Amino acid sequence: MEPLIEVRGLRFRYPDGTLALDGVDFVLRPGETVALLGPNGSGKTTFVLHLNGLLAGEGLVTVCGLPVAKPNLPAVRRKVGVVFQDADEQLFMPTVLEDVCYGPLNLGLSPEEARAAAEWALAQVGIAHARDKAPYHLSAGEKRRVALAGVLAMRPEILVLDEPGTFLDPPGRRALVEVLSGLPQAKLIVTHDVWFARALATRAVFFEQGRIVCDGLLEVVLVHYCWDLSARSGTVLDSGG
Amino acid sequence: MHHAVVDRWSSGHSLLHARDGRVKVLVCLGFLAAVATTPRLTALYAAGYGLAALAAVMVARLPLGALLVRAAVVLPFSGTFALVSLLAGDSPRAVALLAKSYLSAVAVLILVGSTPLPTILRSLERLRAPRLVVLVVQFLYRYLFVISEQAQHMRLAALSRGGWRFRSAAGAIAVLFARSYARAEGVHRAMLARGFQGHLTLLAPVRADWRDGLLLAGGWALIAFLRWGLEGVWSR
Amino acid sequence: MHIPDGFLSAPVWLSLDAAALSLVGYLARQAQRESGEAWAPRLGVLGAFVFAAQMINFPVGVGTSGHLVGSALLALVLGPAAAAVVMTAILALQALIFQDGGVLALGANVVNMALAGVLAGYLPFRWWGAGRFRQFAIFLGGFFSVLAAALLAIAELRLSGVPIPAPVLWITLGLFTVTATLEGIITVAVVRGRDRLGLGLAPQPGARYARGLAVVGLACALLAVLGGLAASRHPDVLEKLLERLGLATSRGSQ
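Chains as they are written, first to last, in this note's numbering: chain A, 10 to 250; chain B, -13 to 222; chain C, -1 to 252.
There may be inaccurate statements among the hints.
Which residues of chain C face chain B? A partial, calculated answer using Cβ under 7 Å [unchecked claim]:
id: 1; residue: Asp3
id: 2; residue: Ala8
id: 3; residue: Gln30
id: 4; residue: Gly42
id: 5; residue: Phe47
id: 6; residue: Ala50
id: 7; residue: Ala51
id: 8; residue: Ile54
id: 9; residue: Phe56
id: 10; residue: Val83
id: 11; residue: Ala87
id: 12; residue: Gln97
id: 13; residue: Ala164
id: 14; residue: Val166
id: 15; residue: Gly191
id: 16; residue: Leu195
What follows is a set of in silico ranges between Cβ atoms, one per label pair, in the way DEER data are often shown [as the list claims (entries may be wrong)]:
id: 17; chain 1: A; residue 1: Val222; chain 2: B; residue 2: Val161; range: 31 to 37 Å
id: 18; chain 1: A; residue 1: Gln218; chain 2: C; residue 2: Met53; range: 41 to 47 Å
id: 19; chain 1: A; residue 1: Val36; chain 2: C; residue 2: Asn55; range: 52 to 58 Å
id: 20; chain 1: A; residue 1: His201; chain 2: B; residue 2: Ser146; range: 23 to 29 Å
id: 21; chain 1: B; residue 1: Ser146; chain 2: A; residue 2: Cys223; range: 47 to 53 Å
id: 22; chain 1: C; residue 1: Met53; chain 2: B; residue 2: Arg153; range: 15 to 21 Å
id: 23; chain 1: A; residue 1: Ala84; chain 2: B; residue 2: Leu50; range: 52 to 58 Å
id: 24; chain 1: A; residue 1: Ala78; chain 2: C; residue 2: Gly34; range: 19 to 25 Å
Quick caveat, the hints were computed from the structure, so don't treat them as lab data. From a predicted model like this one, the values you see are computed outputs, not experimental measurements. Using N, Cα and C, we set each Cβ at its ideal position, and we do this for glycine too.
So that you can see chain A by itself, here it is in the shape it has in the complex:
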């Protein structure tokens, strides 16, 4: 099967000189859900920003066979839907419905088609009732779901979520997991929340200082890096954590 995402030798240096990614290789196959783990500052979010061309580094990044480069960006952004960590940054239109329509309208749908796509997406995440509300009247969990709807309305093939569980209370996290597990897209989930990762992913990659140092079964990665705080294994935390 042709991989959905293929990354080879990705390097990226920020303008101030920091080397954020130091040779990353990664493959995402159809139907997979992968958890991206690793300490803060290890490059997970920087990596994710390369997948839809918001950042451009050295090396190869292809999405559904298309190299992520300027001429392909509209097509790439149609295929890769990214839900960022800060929901407030994503909900920038005056009402929920208008915000979810934003993506479809950019894809060239007519206002009626866009509205239909938005209504469908809002229903998918269970928040259709909030369609005429202003974003700052919503709770953190509702904002998160609207942000997800805004991406789903574009019918991407790959979903990327950056720390989706932040600011959510346990019922909120559970609701989000329920929604996500019902979605057919392949998913990449950047998360520190082990429960969240376990609920959705079986495969994980571990980032450390700009490189992927481990790629395998979620449970194996968690144990190897002592990443599971609730584990009562008695092992001493080693430098992997």
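Dock chains B and C against chain A, hints included.
Leaving out everything else, chains B and C in the frame of chain A:
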């Protein structure tokens, strides 16, 4: 400030709420112009304009008391100049300053209380206001309360650590600026991520119908009468 | 400093509305032609920041506090053209949502604070900002941005026939000088804070300063001419104004 009070008012339902935003803006502007250009604001004029405004408040089902109180924010400024005018011997001017500024504030409150701000902005754009300014106002309004809340939190944090001083305020503003700038970049990234191609497609507003036409014609007719006809009729 | 409706006479508010609409419209269309609508959200967020910052109180002594206006700060960070657009947005929202300033008077307030204020806030830095006098240039920017707006507002009120007898005029000017000084100090403090955070005063939207400056400069010149023409229809007003500003006060009547 979690959100503006007018947000709640404008999300209500009434005959006035349902009218086209452009018509409401035009009628409001007509009212403001009539009040502003009334040469001598006598009690008659005040009564005429006031009753018209009152009728609009009733139709829009807005909370009268709260609206009148909110309109009073203009009074300190106009009151000061009114006092000065009074002392300078120009009492008609004093009355005019107070009455005109207050009536104008009421009229604007009726407009924003019966029309959600995004709709007002869309209407202004259709009425040929500069598009970039309209867009900036839209995004400004979206993020105003988020950023204000951040500022309030900073203040609370400083107070918890012994006090809010000049340098606390200056530091807070610098940090707030940095965070706002980062947020601005984040919004831009989010726009790009969902396919921004250079043009913000806005959903079209509702089309105007005969009721809106009636409001426009009737509203302007009433205002014209109050401005020019009322005095004539009364003195007969 | 925000003039409500009902103060200005029709020739004054009509001409200032026309001036503001055409000038800000020009600047906005320029910006749109150069960088499209991509800048709208960023300008909006920064406008929200300034709006929110205007509500933060700066303790300046026993029981008193000052507030930032921000025209100069915006001008330094965004360049005068974008700053004018953002200030206009702020003033429009203040008029609509908070009844701070009138709707018909919006043109006047825009001219005073978004055009003249921004330009006055920018020019000192533009001329003297590189080098040893940087802090002072920034201070002057803040100072003149407030003072210019205040002087224009007072002139507009006088032209409209609002009585401002000599004692009141002097007190008002005195108060505005204090506010202007505060604005200068706060602007310097905020810029220093930004410097310490590692952020520069790099103006963002690829604004062509020469053109933006020329437009705004033209605007102010135009206004000076309009004001002069209007004043010349009321020579006594102009006379009294000059008398009050130039000589020691004597009588205080119209």
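Hints, verified against the model:
1. Asp3: holds (4 Å)
2. Ala8: holds (5 Å)
3. Gln30: For Gln30 of chain C, the interface hint holds, since the closest Cβ of chain B sits about 5 Å away, which is under 7 Å.
4. Gly42: holds (2 Å)
5. Phe47: holds (4 Å)
6. Ala50: holds (4 Å)
7. Ala51: For Ala51 of chain C, the interface hint holds, since the closest Cβ of chain B sits about 5 Å away, which is under 7 Å.
8. Ile54: Constraint on Ile54 of chain C satisfied, holds at 6 Å.
9. Phe56: At about 4 Å, which falls below the 7 Å cut-off, the nearest Cβ of chain B leaves the hint on Phe56 of chain C intact, so it holds.
10. Val83: holds (6 Å)
11. Ala87: holds (4 Å)
12. Gln97: The hint holds - Gln97 of chain C has a Cβ within 7 Å of chain B, the shortest such distance being about 5 Å.
13. Ala164: Hint violated; Ala164 of chain C Cβ to chain B Cβ min 10 Å, cut 7 Å.
14. Val166: At 5 Å from the nearest chain B Cβ, Val166 of chain C passes the 7 Å test, so the hint holds.
15. Gly191: holds (3 Å)
16. Leu195: holds (5 Å)
17. A:Val222 x B:Val161: 31 to 37 Å: holds (35 Å)
18. A:Gln218 x C:Met53: 41 to 47 Å: holds (43 Å)
19. A:Val36 x C:Asn55: 52 to 58 Å: This hint holds: roughly 56 Å between Cβ atoms.
20. A:His201 x B:Ser146: 23 to 29 Å: Holds, at about 28 Å.
21. B:Ser146 x A:Cys223: 47 to 53 Å: Cβ of Ser146 of chain B to Cβ of Cys223 of chain A: about 42 Å, so the range 47 to 53 Å is violated.
22. C:Met53 x B:Arg153: 15 to 21 Å: holds (18 Å)
23. A:Ala84 x B:Leu50: 52 to 58 Å: Given a distance of about 56 Å, which is inside 52 to 58 Å, the answer is holds.
24. A:Ala78 x C:Gly34: 19 to 25 Å: holds (21 Å)
Checked against the numbered hints above, the structure violates hints 13, 21; every other hint is satisfied.
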